[in-house]
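Enquirer: So the chains spell out like this:
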Amino acid sequence: MSAATAIERSVTVADVRALLCAYASVLDDGELGDWPGFFTEDCLYRIATRENERRGMPLPIMLCDSRAGLFDRVEATEKANIFEPHWYRHILSESEVLKTAADALVVKTAFICVRTMQDGAMSLFVSGYYMDEVARVGGRCLFRSKTVVVDQSRIDTLIAVPL
Amino acid sequence: MSAATAIERSVTVADVRALLCAYASVLDDGELGDWPGFFTEDCLYRIATRENERRGMPLPIMLCDSRAGLFDRVEATEKANIFEPHWYRHILSESEVLKTAADALVVKTAFICVRTMQDGAMSLFVSGYYMDEVARVGGRCLFRSKTVVVDQSRIDTLIAVPL
Amino acid sequence: MSAATAIERSVTVADVRALLCAYASVLDDGELGDWPGFFTEDCLYRIATRENERRGMPLPIMLCDSRAGLFDRVEATEKANIFEPHWYRHILSESEVLKTAADALVVKTAFICVRTMQDGAMSLFVSGYYMDEVARVGGRCLFRSKTVVVDQSRIDTLIAVPL
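Residue numbers (my numbering), protein chains in the order written: chain A, 19 to 181; chain B, 19 to 181; chain C, 19 to 181.
The set of hints was computed from the structure by calculation and includes no laboratory data. Fair warning: there could be bad hints in the mix.
Heads up, the list lumps identical chains together, so a pair's fine if it works in one copy or across two of them.
[As the list claims (entries may be wrong)] Each computed SDA-like pair below joins lysine to any residue, with the alpha-carbon atoms no more than 25 Å apart:
id, residue 1, residue 2
1, Lys117, Ala86
2, Lys126, Ser84
3, Lys97, Gly157
4, Lys97, Gly55
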């Protein structure tokens, strides 16, 4: 492999930001079918509360360990969607690089998500941070691992939608 | 034109972010007289709901097709300002580059805006995204087109203020 | 000093963003003991309302003029913490560079902070902007001066926690 190729294959902070931004956009546009495409095939996707995460308790609110599992989740979400229509809007804060490897970056990104109901009512939905490991696979940057750590302990509504 | 000049004249993502940031700052500082200066003379400024935008319905909540029209709007807003004082704070998420042209970039940027009344009460005001076409005119980056797509369908208070 | 050294010692926007991001992360993780370490020894830390700041009134809500003063504040906060547990989440908007000096940058960054109580209730806590002077001291970027300008005039709960 030439040096130029190696550079092309590395993951930069700008790559990670673009990935996060496109990811949030797909969720907010409600295009859940595109959501698994942001992950590697053997990915790890978890939603955990900050209290459990801090105590090192392994029990997540939600866990998928493959892209296929994410597709199953999308299907379940869409079938279960018997509520009135509503939309989400994710706002990302700056990303903190925690680890740099040859083929991956680990970054932490705080976020909030607000929800709007069909009648226009708007509310805070969830806050927390993403802990992401981003790798380049076949030229595309993807989430090899994504942990969504939420500040809220009430989790019932969280299970229904990808974050 | 030399190559160096061409490079100076191109629009970078950093330029767009600086423009968006200064734009939000002017709105949040309440300096509405400076607002039209962020647009090209023959600009297009629209506020639309996400539902109408998604359906391709052309009816915007608000439409101005020139900088002069924006000045008119500022004047109307300031004359109509008979409410108790309040302030806005825009928070920008990351920007997604959707199109790159020789002299312009098209970017999508999610945002939320919170409002604070004089008594200190704070509330979510609006969420949505900007769809911006940014060009460089006379050395300055400006909005050639700005569409504010809002998640909320209740629009009465939205008409009063630039977003 | 060689030119290469000078470049290494300059403060870039990326440095400032990384500092702001790490700063917010420490506050949101509740690691207040690490908070003073983000400031130079002879720093200036102020919290002010936007109305007082705009009128040029010098009375801040809070003022510390040294890192030692910040440590005192942390101690007072931790001793006074008799409330039910709660957590904050800061979301940073883009940063606007206002001044560039050889050894420092002055930047303005809008932010909001949401609060989550132990029962999971989530609310808007404060919005405003940071006005920061960031310098490099001993290889590390630190806040030489940080003014937190808040949009809200009700200040009682603000005094208790660093922002």
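Enquirer: A separate judgement is required for each hint: does it hold in the structure or not?
Expert: Now for the hints, and whether the structure bears them out:
Taking the closest pair of Cα atoms, lysine 117 and alanine 86 never come within 25 Å of each other, the shortest separation being 27 Å inside a single copy and 31 Å across copies. For a Cα distance limit of 25 Å, the shortest separation of lysine 126 from serine 84 inside one copy, 21 Å, qualifies, whereas the shortest one across copies, 30 Å, does not. In this assembly of identical chains, lysine 97 and glycine 157 lie within 25 Å of each other by CA distance neither inside one copy nor across copies; the values are 33 Å within and 53 Å between. When the C-alpha separation of lysine 97 and glycine 55 is checked against a cutoff of 25 Å, the pair qualifies only within one copy, where the shortest distance is 20 Å, while the shortest distance between copies is 48 Å.
Consistency note: the structure conflicts with the earlier hints numbered 1, 3.
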